[in-house]
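Student: Kindly produce the complete structure, drawing on both the sequences and the hints.
Chain by chain, the residues run as shown.
Number of protein chains: 2
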Amino acid sequence: MLEVKDINEAGLSNDLVFGNKSFAGHEEVVFCYDKKTGLKAIIAIHDTTLGPALGGTRMWMYKSEAEALNDVLRLSRGMTFKAAITGLELGGGKAVIIGDARKDKTPDLFRKYGEFIDSLKGRYITAEDVGTSTSDMVYVHERTKFVTGLPESMGGSGDPSPVTAYGVYMGMKASAMERWGDDSLRGKKIAVQGVGHVGENLVKYVTEEGAKVYISDINKEQLEAVSKKYGAEIVSPDAVYDLDIDIYAPCALGATLNTEHIGRLKCAIVAGAANNQLADENIHGKMVTDKGILYAPDFLINAGGLINVYSEIKGYNREASLEQAKNIYTTTLEIFKKAKLENLTTAAAARMLAEERLLAARKA
Amino acid sequence: MLEVKDINEAGLSNDLVFGNKSFAGHEEVVFCYDKKTGLKAIIAIHDTTLGPALGGTRMWMYKSEAEALNDVLRLSRGMTFKAAITGLELGGGKAVIIGDARKDKTPDLFRKYGEFIDSLKGRYITAEDVGTSTSDMVYVHERTKFVTGLPESMGGSGDPSPVTAYGVYMGMKASAMERWGDDSLRGKKIAVQGVGHVGENLVKYVTEEGAKVYISDINKEQLEAVSKKYGAEIVSPDAVYDLDIDIYAPCALGATLNTEHIGRLKCAIVAGAANNQLADENIHGKMVTDKGILYAPDFLINAGGLINVYSEIKGYNREASLEQAKNIYTTTLEIFKKAKLENLTTAAAARMLAEERLLAARKA
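Residue numbers (this note's numbering), protein chains in the order written: chain P, 1 to 364; chain Y, 1 to 364.
Do not take every clue at face value.
Copies of the same chain look alike in the list, so a pair counts if it fits in one copy or across any two.
Claimed, not checked - With a straight-line Cα cutoff of 25 Å, these simulated PhoX-like cross-link-like pairs (lysine-lysine) come out:
1) Lys35 <-> Lys363
2) Lys121 <-> Lys145
3) Lys121 <-> Lys36
4) Lys21 <-> Lys36
5) Lys21 <-> Lys35
6) Lys363 <-> Lys105
7) Lys36 <-> Lys363
Simulated from the structure, these hints should not be mistaken for lab results. These figures come from a predicted structure and were not determined experimentally.
Tutor: Rendered as structure tokens:
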């Protein structure tokens, strides 16, 4: 089982890679450099027990290599858990390109990056992520088939947001079932924080079911468009924490479940699409539970995007992706049951289920 | 051209990999970990312009990852220069396994390591090195064809020492030609420091040609056996630096050409098999030249071992390897000529020739 003790298990002083505090038993970490294109990338392959390591490529102007490495290691490990709990035949991996996404991108940089990915023979499959787009992936795809999330015009699965939103919607309904013995969202007051592609689609689903929806976003134009389209009530991003609501759905920033916000929240359920909602998984996972709020673990209910690109690998079919995202409902209920039975927070129960699946696969 | 400015060219603070002081434009650095076998390896691929990166796997109980990384980066870069100057269609690479070669070796560790090498699809080819043996490579070979220097019993090229010694002998004769206008070693007084596999073979060659040979070694048994076999005179390892001789052949330790030793040396030529003979390439390369000693660059004249494993890749033929090692004679003369023409130390001239070949290949 991957436990906290895995960290630093390599037994070296806390430096570089094997001894990094975020190493957590990664199988392989590849530093790729190309002088001509200026490419500096780190590909992290955390675990391939269940299948090839899939995870997007983030492009970011990291302040140091240490920061880039820490980010890629944490994200890569998270992908292992996400794939395992979703029941996909995928391992966990992630990559970062150190650079400014606004000015350092060139077709040749992504082509060269594609060559490095290809040299891993499918142990790692990439996709777009923060700072990269499906159009960047087109250049990657010129050099390797191990890239997914390509534009629809190229036979890819295109924008995964509708599927991600559908998965979150399923997780939210399962939470309603757990809390109120009825999964209907009719009449429930739901605050959706962040109405980008995913958030907007979530607003659509819950509005169609008759919920009363509050929305916030720092992008005023998008906020007003969504409000107009679905009749949702606009609130300021910070006001979300003080609203008298049933469900809080963080769909933008991570780490919004911190000590201050949990103290202010007046809701029965937290279920949203944002990554890493708990500022500290242990501390705030417990704090939210102690306050009597039911938390639907983010990496479980936001897996629709992963399901969608996984489907692309297998031969894309949007209906099949939505069908698989529907399973998030069942898994979410399973997690809630496990949390009660084993007296765990829901976040810990989700992590443990993922670990159990990995352990079973390793033994098989 | 690979120059000192390449170091830190990645432009990040001097940490981890890209910003490491020894990074020197490496194409790829792979950190490999396997929990089950305890494998912790770093594979460094410096440059594949001329062909696949070939370099041995060193197993060593490094005090820190930083030490291991620094070692593998320096050695890997050195392999690029060695292959380039020798005219082989090979790039430069190297690998280190962090562990105690006396007690951490298992067949499964080397098998797992072989899987990682195989996943690089031939961009890196390994071989034995300090701390590993041809028998370890047999386990590596169970998982990948990208390993060379296998035992003769497996159709490999076996012990490369005779070819290495022959190359050093050729470099020594070229040095004699340069210095005395005659490449005969008859009657020359030659001190061979270290009479292991390579040193002993060198003693054989120069004895057969009629040189007067002095030998030293910390292994007394081997020393006496070689003395008896070839009639060589035994001296203490340190006495070598004060002997009134023609040629000093360091064939054991590196960095023997330091300020103190150069001050004491009474010889016309230094030509030996040891790696990294100059304690500091710039400082001591100049010091030895200023003293009027002709220095045959180590990475040029000790390339016989590399030639031998290269031959194994192409379909092994010992005669062809010896024939290619003979070319070291010509290249050594070429280096001396270049050094005079461009007013460089011989070490700098050798480095520059290697860089010119790389540059030409990159432009082609």
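Student: Now tell me, hint by hint, if it's right for this structure.
Tutor: Quick rundown of the hints versus the structure:
no.: 1; hint: Lys35 <-> Lys363; result: between (43 Å within a copy, 14 Å between copies)
no.: 2; hint: Lys121 <-> Lys145; result: both (9 Å within a copy, 16 Å between copies)
no.: 3; hint: Lys121 <-> Lys36; result: both (23 Å within a copy, 22 Å between copies)
no.: 4; hint: Lys21 <-> Lys36; result: between (32 Å within a copy, 20 Å between copies)
no.: 5; hint: Lys21 <-> Lys35; result: between (29 Å within a copy, 16 Å between copies)
no.: 6; hint: Lys363 <-> Lys105; result: between (43 Å within a copy, 24 Å between copies)
no.: 7; hint: Lys36 <-> Lys363; result: between (45 Å within a copy, 12 Å between copies)
Consistency with the previously given hints is maintained throughout, with no hint failing.
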